[in-house]
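Novice: Okay, here's what each chain looks like letter by letter:
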Amino acid sequence: MENLSEAAYAYLLLLPAFALLTLIAFYPLIRTFVISLRANRTRGLDPLGAFVGIENYVDILTGNARLARQFLDVGLTSSFPFVELGTPFFQQALFVTLAFAVISVVIETVVGFGQAYVLDQDFRGRRWVRVAIILPWAVPIVIQGMIFFLLFQPTVGFGSDLMQSLGIFSATPLANSRDAFIIILVADIWKSSAFMALLILAGLQSVDRSLYDVARVAGASPWQRFKLITLPLVMPALLVAMLFRTMDAMRVFGLIESTAGCTTVPSLSCLVVEAMFGGTRIYATAAAVAFATALVIGLIIGGYVLVFRDTEGGMY
Amino acid sequence: LGRGRSPGRVVMTAAQDVAGIMHSEGDDPSIQQALWDAGLDEDIRVEIQTVVSDSASRMQTTQSALQAGRAPPDIHMMDSGWTVPFILREQTVNLTERFSEDVLGSVNDNYLEAILETARHPQNGDLHALPLFPDLGFTLYREDLIEDAGYDTSGWGTDPPRWEEFANAVRDARDGADLNYGFTTQAAAYEGLSCCTFNEVMTSWGGAYYGGTDNLFTAGDRPVTVDDQRVIDSIRMMRSFIEGEEENTLDGYPQIAPSAIVQWTEQQSLSPFSAGDAVSNRNWSYAIAETGTEEAFGENLGVMTRPYAVSREEAEYADVGGTAAALGGWNLAVSPFSDRQEEALQVLEAFATEDVMLTVFELGGFLPPNLDLVAEVSPDDVGPVARYADVVQAASENAIPRPATDLWPEQSALIYQEVNAAYRGAKAPAAAMSDLANELEQSEAEVQTNGN
Amino acid sequence: MARVRLENITKRYGEETAVEDVSLEVEDGEFVTFVGPSGCGKSTTMETVAGLTAPSEGRVYIGDDDVTDLAPKDRGVAMVFQNIALFPHMDVYENISFGLRLRKYDDEEVRRRVEQAADIVQLEGMLDRMPAEMSGGQQQRVGIARAIVRNPDVFLMDEPLANLDAKLRVHMRTELQRLHRELDATVIYVTHDQAEAMTMSNRIAVLNDGKLQQIAPPLVCYNEPTNLFVAGFIGSPSMNFVEGELVENGLETNNFAVDLDPTRIPDVTVGDAVTLGVRPEDVHLTRYADSLAAPTAPIDARTDVIEPMGDEVFVYLLLAEAAAGSMEQDPATSPNQLLMSVTPDTDIEANQDVDVVLDRSKIHLFDTASGEALVHGLTDLPDREPGTTPTEADS
Amino acid sequence: MARVRLENITKRYGEETAVEDVSLEVEDGEFVTFVGPSGCGKSTTMETVAGLTAPSEGRVYIGDDDVTDLAPKDRGVAMVFQNIALFPHMDVYENISFGLRLRKYDDEEVRRRVEQAADIVQLEGMLDRMPAEMSGGQQQRVGIARAIVRNPDVFLMDEPLANLDAKLRVHMRTELQRLHRELDATVIYVTHDQAEAMTMSNRIAVLNDGKLQQIAPPLVCYNEPTNLFVAGFIGSPSMNFVEGELVENGLETNNFAVDLDPTRIPDVTVGDAVTLGVRPEDVHLTRYADSLAAPTAPIDARTDVIEPMGDEVFVYLLLAEAAAGSMEQDPATSPNQLLMSVTPDTDIEANQDVDVVLDRSKIHLFDTASGEALVHGLTDLPDREPGTTPTEADS
Amino acid sequence: MTDPSDSTDPTDATGTNRSGDINDAGDGDDESPRDPALCRPDGGEPTDRSAGRPDGGTNVLKDGREAELDRSPLQQWVADSISHPERVYRAMFYVAAIFFLFTTLFPFYWLLMVALTPEGQLQDIVFTPNGFNPGAFIEVFQVVPFHVYMFNSFVIALASTIVVLVIASLAGYAFGRLEFPGRTPLMLLVLIISFFPPAAFFIPLNDLFNTSFFFLEPITGDGTLYNTPFALVTPLSAIFMPLAIFILTTFYSQIPDGLEDAARVEGTTRLGALFRVIIPLSAPGVATAGVLTFIAVYNEFFFSFLMTDGQPENWAPILDGILAYQGQYQVLYNLMAAASILGVIPVAILVVIAQEKIVSGLTAGALKE
Ligand SMILES: Nc1ncnc2c1ncn2[C@@H]1O[C@H](COP(=O)(O)OP(=O)(O)OP(=O)(O)O)[C@@H](O)[C@H]1O
Ligand SMILES: Nc1ncnc2c1ncn2[C@@H]1O[C@H](COP(=O)(O)OP(=O)(O)OP(=O)(O)O)[C@@H](O)[C@H]1O
Ligand SMILES: [Mg+2]
Ligand SMILES: [Mg+2]
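Chains as they are written, first to last, in the working numbering: chain A, 118 to 433; chain B, 3 to 454; chain C, 65 to 459; chain D, 65 to 459; chain E, 5 to 373.
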C-alpha cells in the first residue's frame, strides 16, 4: 500500500467515504432526480405517473405546481427594476430562504467569532462557559422551536408583549410573517452561533502561538494581530463553518415548522416536505423542488467557492 | 436487533392515550380484555406501536410505512381528516369486501354517518376503515359568569344562541368578572382552522366550501362557494371579535377574542379558559373532560354547540346554517401489506361491538362512534362528558365533516392561509375569499385534467 | 536612547529557574552577544527584553524607561527568533514587510526597504515564495530581513545565522555589523559561533545555568576569563585544564610541574587545589619553543590522534602517565590529555613521542574549588621576584 | 550492507530545479558530509534518500536495492531534521522512543535505549518535558536522540548541531563519530560548520546550485579544490582570489605578479585569464618568510582592519593600488584586498605598511572563465624545469 | 507608568522628546501614534491606546485635553486603563463573556421555568414558574421511557460519530495532504450532498431500508434495516460526512509536512502518521468535528423521526421521546421542557468534557502559551 503512487493512494483512502456516500447519498439522489422527471399520481398505489421531462420544474417556477405556497413569484416588467414581486416578500419561499441564510450566517459568524474568542482565553471556569455556549447547539430543533414558540405566545411568554411595547412586533408575531421571520432568525442565531464558535475555536487553537510573539514584537496591536494573523489562519476553518452554515440555513425547515409554521414563513425545504408529506402525495413535485433547492444552494455555494478560491489554505 | 414476532400478535398504531388503556395489569379492565370478551380469538393479541399524537406527524409516519409497503403495523389508526387519501391510494383493505355481513350492517346502521363518510371510498362508497371514535367541536363557557352577567343560559346546551347574543353575553361576563379574555378559539394557520373552527363559523353563517354537504367527498365537479357573502360575513364577524370596530368588521359584534387567537391552536386557547381567565372557549370533547371535573369548573361549565347567525332554514345550501360541530376522530384501517390481515380484521370486528366502544369511552374518554351510547353511561364511569350527553347528541346531529377528499390536504392549506390572513387583517375578507375561490377552483380542476 | 538595562531579572518556569538574578546594561549603540551552553537562559533573557516573557522578578529598562510592563510593540525592539517563526500564510515579501505595513508606510517606501533588506540577506528574486517552499537557510534569512527592515532602536537576534553556511555567515556578519553601525542601534545577539561572538561584539555576556558569568569585551573573555566556566567555554577547541596542587615553589600536577611563587597569587596558599588552564595554541612542541619568551620546562607526551582541520591541525597528546586513555575523551576533562594546535605544515605523526612546552605568559590558574580565576599569565608574577621564575621541573 | 547510491538524481519544484543530476555513492560505513551554500539542495538530496521526496528523475539505491519507490519506513534510515520537527504532542521520552515503540520493542528495552540516547545528548532528567518547554538547543538534541536511538543502517543528519554551543558541539561531534564507528552505520551529514565537516567526514560532497561540485576527503577538498567554487567555499575565512592574466613567464595581476612557466600548466596558454587563489594562512609577513620553502616575491600592502579572533588574528590587507577600498568588502571578491591570518602574538597594527609573501606551494590557479582548477601549488611545477621557478617579480 | 515612545518608527523624529509625560505616573500618558502621519511633536495629547476598544472612547479622550485638570472617576478609570491596557481587555473580555453567557443561557433558564410550571398553568412565565413542580423531572420517565430514548440516541450518535470520524479522516487526509487528479471535483461532489434537503434522500432510502435482504436476516430478523440502528447510523453518517470531511481536510492540511516526514522516517506508514501525528496535532479540529457530528446526530430531526417506528425498543432516538409528550390537542410543555433539559444538558457536559480530554490528551503542550 505504501508503494502506491500518491494518486492511487489518495483514491484508496477516498474509497470508504465514496462507497458510503454512493450508497446512501448519490444513489438516492439519482433516484430522486428520476422521480422529479415523472408525473404525480395522487391516487393508486404507484405514486408516479408518466415521464414528463422537466415539466415539474417548469411548474414550480411558473407557480403552476400544486404547492401550498409560491416557490418564486416575480413578474417581469418593462420598467426598472424589471422584476416585480408578486406575493409579499416574506411569503416567497426563495426570498425568505435567501434572506434567512444571508442574515443568519453573517450574524452567526460575528457572534461565533466573539464566543470563540472568549473561549480561547484562559480563565477559571472556562470549561463551564464552554458548556454554556455549546448548550444551544445541543438542543433538539423541536425544543428550540418550542422555546421560541412559547416565548412569543402572548399568554405564556413575555416576548410578544415586550417586543410589542418596543414597537417592533405586532401583537401576534408568530402569525405575522415579518415578525416570525425575525423570531426564527433569532432562534437560529441562538442555536447555531455555537456551531460557528466551535469551529472557529478549533481554528484559533491550532494557530502557532509563536507567530503572535513575532507579531507583537513587530508592533501589531491586538486588532492588527487579529486581522493579520488570527483571521487569515483561522480563515480555512471559518470558511468551512460559513459554507456549511449557509447550506444548513438554506435548508431550514424544522425550526420553522416548530415555531411559526411553514405557512407563516415558507422556506424551500418547507415546500419539499409539504409536497412530500402534506397529504397530497406529489412526490414528483417534491423531488423537483428538492432539486431546485439544491440548484439554488449550488449557485450560492459556487459563488462562495469562486470568491474564496484564492484564500490561503483554502480547500480548493 | 431482531424483531421476531410471535404469531397472533397484531400490531396497531396508537398514541399514548390509547396505548395506555390497551392492556392492563391483572384483571383491571382494558381494551384488549374487552376485545376478547367481544369474541376475539384468544390467540390474537393487539400490540400497540406507540406513535406521536400530532396528527400531521402521524400522517407522515403512516405514509412512509405504507409507501414502503411495510408491515407491521397491521392496523393503522388514521385521522378522519386524512383517511380518504390513503383509501384512494389503495393502501387500505376494503372492509366491505372482508367484513362479515352483520358486522358491516351494524356499522352502517349504528355509526355516526358523518364519521363513516370519512372512512369510505369516495367513488364506490365501500368501507375501508372502521371509525374508532369521533370527536366533536364544542363551545365551552362559564355558566356562572354568564348568568351573573344577566343572561339565561338554560337552553343553550341544545339550542345555542345567536352569535350576537353570545358575543354580548361573553363581553358582559368578561367585563363583569374582570377577566382578561372573553372568547378563545383556534385561528392559527393550521389544519384545525380549515377543517374545524372556520368550518363551524362558516357553517353557522350558512356558508360552505363547496355548496353544502352533498359535495363534500366528490372532488372535481362541484361548485366553490367560499366567496359567498355569508362566508365573508362570517370572517368579518370574527374580525369584530378580534378587533372590535375596525376595518372589515361587522357592526353589532363586540370585541371578545384576543388577537392572539390567530396564532393559537387547541392547547393555547384552552389554557386561559381552564385557568379561569376566559369566559368561553371552543374546543374538543377532551376539554370537557378536563374542565368539567369537580376540581375545575364542575357544574359551572356550560357546553354547547356553536352559536349561529343564519339558521338552517335560512341557509342557501343543504345542511348548513344553524349550529354546527366540526367532526374529528380516528379510524382504523388494515394494511394491505400485512401478513395478518385475517387477524386484523377480527380485531376490527371486535372493535365494532358496543361493549368495546363503551370500554374505550369509559377508559379513555373517547366518544363512541355510536353516539347513542353516550347517554347510556353514567358520569361516574366516564367523567363529565356524560353529563353533557344531550349536547353530544346535538353536536352529532349537527356534525360537519371536512371535505376530506384526496385533494383536501392541499386545499386545506390554501384555506387556512387565506382565512388566517383575513382574520389578521392582512387581507380584506372579500379579497381573501375571492383569491381562495380561484385557488380552490384551480385545485379542483386538477382532478379533471389529471384524472387521477 | 536605547540603552537596555536588566535589573535582577529572574525567570522561573514552575520549579525550573531559567534565568537567575541577571543584571546587566547594554549601552546605546552597543553590540552585546550572549553566549552560553544550550539551555542556559539566553533566549529567555532576550524574551524578557522583548516583552514576550514577563520576568518573575526584576525590571527591564530601555532608554530611561521601565518597560517591564509594556507591551512588546511599545518597546521599539525588533527580534529574530531562534525558531524562525515565519508567518506561513504570507509570502516572503509580506513576511518582511509585516512590521512596516503595520506602521502604514506608503507602498513605495515599503517596497524599497523590503528590497533593500532582501538584498542584504541575498534573497532577491524570492520575494514571492511561500515559507514552505524555502530551504532552512533561506527561511532564516527571511527572519533576519523581517527584523532589519524595521530599523528599530534595539535589535534582538537569537541565533540568526545558525542555518547558514560559512560563506554566507561571514557575509551576513559584516552586513549586520554595518547595519549596527549605520543605524546606531543597540544589538543583543545570541550565537553559539565563537567567530561571530569574537568578531561582532563589543562585549560578550557569558551565561551559565541562568546566571551571568562574565560580561566583557571578547578578547578579555578570551584572555582573562573570570572563572573556569568562561575559560572553558570561550575558545574552540576548548582550553586544556590540568588539576594540580600548589607546592612550596610551584604547581604540581599528575604529570608535570610549573614553577611559580605561590605567595604571589592572591587568595590561595600552598596546599590549595589549583587548576591550570592553557589553550591548545599555547602548547608548543619543544623544538619550536625558542619563539616563546617564557616557556615552561618540556613535558613528555605522546601524540594520540592528529586531526587536520585545513588551516590548523589538532594534536591530542597523552601525557607520560596516561596509560590507555582513548582519544575521544574530551581533553578539557581528562587530566592526562592535552590538546595542542599546530600549523598544517608541522611535521608530526600519530603515536610519536614528543616534548611540549607551555607558554607561561598564557597560563591561567583557577581555584579548583570555587572555579574563580586566580591569575592570567604566569610571566607577570615572577617579575617582582625574579629568583623564582626560571627553575622548571619535569614531571 | 548500507551503501547508498544516487544515480542522476534531479528534483524540480515547478520551474525551480532544486537538485540537478546528482550521482554519488556513499560506501557502507562511510561518513559523507554535504556542504554548500544555503538553498543549494542539501536537504532536498537527503530527503530523496530518506524517501520523503520522490526525485523527479534518477534512482536511489540502498545496499543493492533500488529503493526509489520504497516507503521511508522500509528504507532503514533515521533522520535528524533541519527544522527539528519534534512531535509537539509528545514529551521527550515519547519523542525519542517513537520509532522503537512503533517496532514494538519491549518497554524495558525501550527505556534502556532511550536513556542511553538521552545520555549521549546530555538530556538526562528532561525526559518528561514537552518540546515547547525546552530551549532551541535542547530540542535539537532530542531530535538527534530520536535518530540515534534506533541504530539504523543509514543515518541522515541535516544540520543536527546548528543550535548547539561550541562545547557541546565538540562533545556531540565525538559522540556521533563514536556512534558511527560502533554502529558501523553509513552517515550522510549536512553541516555548515567547517570544523565539523573537516573533522568528522570521510569525504565531503560540495554542492552548489543543485549540482555536485566535488566529492573527496576533507583535506583534498581543502588542498585541491576542483574549482573556484569549492576553493572559495571550503575554508573559513575564505580563500583569497586574485584575478590575473598569464603572461610569457608568469601570472600578472593588478597588484603583483607571480613567476611561473605557463606551458607547464595544462589547458591554458599565455593570454588566458587565470585566477590565483591563496588561503589567508598562506599569506605571510615577509619578515617571517624564511620559514617558507618557496615564498613569492614580497608584495606591498597596507593593513586595514585587524580582527583578533582569540587563537588567531585576521589582518585585512589593502594592496598597493587599493585606493579607498573599505574593509567590509569581502576579500574574496575585492581584487585589491588580501586577508591574512597571523598568530595572536604577531606584532601588527592597523594602517601600517607591510610586505607580505605568498607560500608558493599553497597557491592555486583556476581558469577564470570556467572556474576549473588548473594547478594546486606552484612548487611542483618548476620541479621539471628548474630554471623558471626562482624568479619573482614585484607588482 | 512611562511613555513608551514608539521610536521604532523611524520617521518619528520626535519619538524621544516626549519625556515630559514621564513624570506623572498613571495618569493619561499617551502612546505615540503608530501612524507616522499622525505624529505630533507636542506629544502630550492623551490618546486612547487600546485600539480594540469598540466604545468610541477614543473620541471622548481626544476631546478631553482639559480633562487633565478635573477628572471624573470614569476618566480616572480610563486613564488607569490606558496605562494598563490589559485591564481594558480583561474588562472587555468579562463584558463579552457575561453577555454571551446571558444570551445563551437565558432561554435555558426559561425552559427550566417552563419545566417547573405545573401542567396546565402555562401562563405569563417571565422569570419565575407558575407554581413549582420539580416532579416533572421524574414524571418524564414515568410517562415515556425517556432514558431508553436517550440511550438509543447516545448509541446511534456514538456509532455515527465513530464511522464519520474514521471515514472522514481518511478522506480528509487524502484531500488535505495529497495531490491527485480530480481532487477539487471530488471535493465538490462531496459538498453537493449538502445542497439537498434531507427529504430529497427520503423516498429511495425508505424503500431501501424496507427492502428485505436475505443476508441481513440473521442480523435483523426480517432482513430489513428499518427499526435497527443501521437505518439511522448509515444515513446520518452520510449526511454529516461532508461537514466532517471538510473540517478534517482543513485541519489536516495545516499540519507542517516536516512532522509527517519525521514520523514516516521513524517507521510509520502514511496511515500510521495520520493516526499518530496528524490526528493528534489536529486535535482541536478532530474533536470539533466529533462534537458537531455527535450532537447533530443526537438531535437530528428528519431521519430520526422517519427511520424507526418510534418505539424505544426499536432504537427510536430522543426526538421520538420528546415528541411523545405532544398530544394532538394537548402538549405537555412542561414535560417536553424537562425532558429536553434532561436529554441535552448531560450530553452537552459529557461532550465538552470529552472534547477537552481529547484535545488536552492529544496535544498537551502542543501550543506554546
Ligand atoms: N517545496 C518547495 N517548493 C519550491 N521550492 C523549494 C521547495 N523546497 C525547497 N525548494 C527550493 O529548493 C532549493 C533547495 O532547497 P534545500 O532545502 O534542499 O536547500 P538546502 O541546501 O538544504 O539549504 P539550507 O542550507 O538553506 O537548508 C532551494 O532553493 C529552495 O528554495
Ligand atoms: N516554557 C517553558 N517551560 C519550562 N521550562 C522552559 C520553558 N522555556 C524554557 N525553559 C527552560 O529554561 C531554560 C532556558 O531556556 P532558554 O530557551 O532561554 O535557553 P537558551 O539559552 O536559549 O538555550 P539554546 O541555546 O539551547 O537555545 C532551559 O533549561 C529550558 O528548558
Ligand atoms: Mg535559545
Ligand atoms: Mg536545508
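Hints are not guaranteed to be accurate.
[Unchecked claim] Here's a subset of chain A near chain E, in silico, CB distances under 7 Å, partners left out: (1) L130; (2) V169; (3) G170.
[Stated by the list, open to error] Which stretches of chain E does chain D cover? Using the computed rule of at least three CB atoms under 8 Å from a CB of chain D, they are: (4) 97-107; (5) 269-277.
Keep in mind that the hints were calculated from the coordinates and are not lab data. Just so it is clear, CB atoms sit at the ideal spot from N, CA and C, and this is done for glycine as well.
Novice: With reference to the structure, classify each hint as holding or not holding.
Specialist: Here is what the structure says about each hint:
1. L130: Constraint on A:L130 satisfied, holds at 4 Å.
2. V169: violated, 17 Å
3. G170: violated, 19 Å
4. 97-107: violated (count 0)
5. 269-277: holds (count 7)
In this structure, the hints that do not hold are numbers 2, 3, 4, in rising order.
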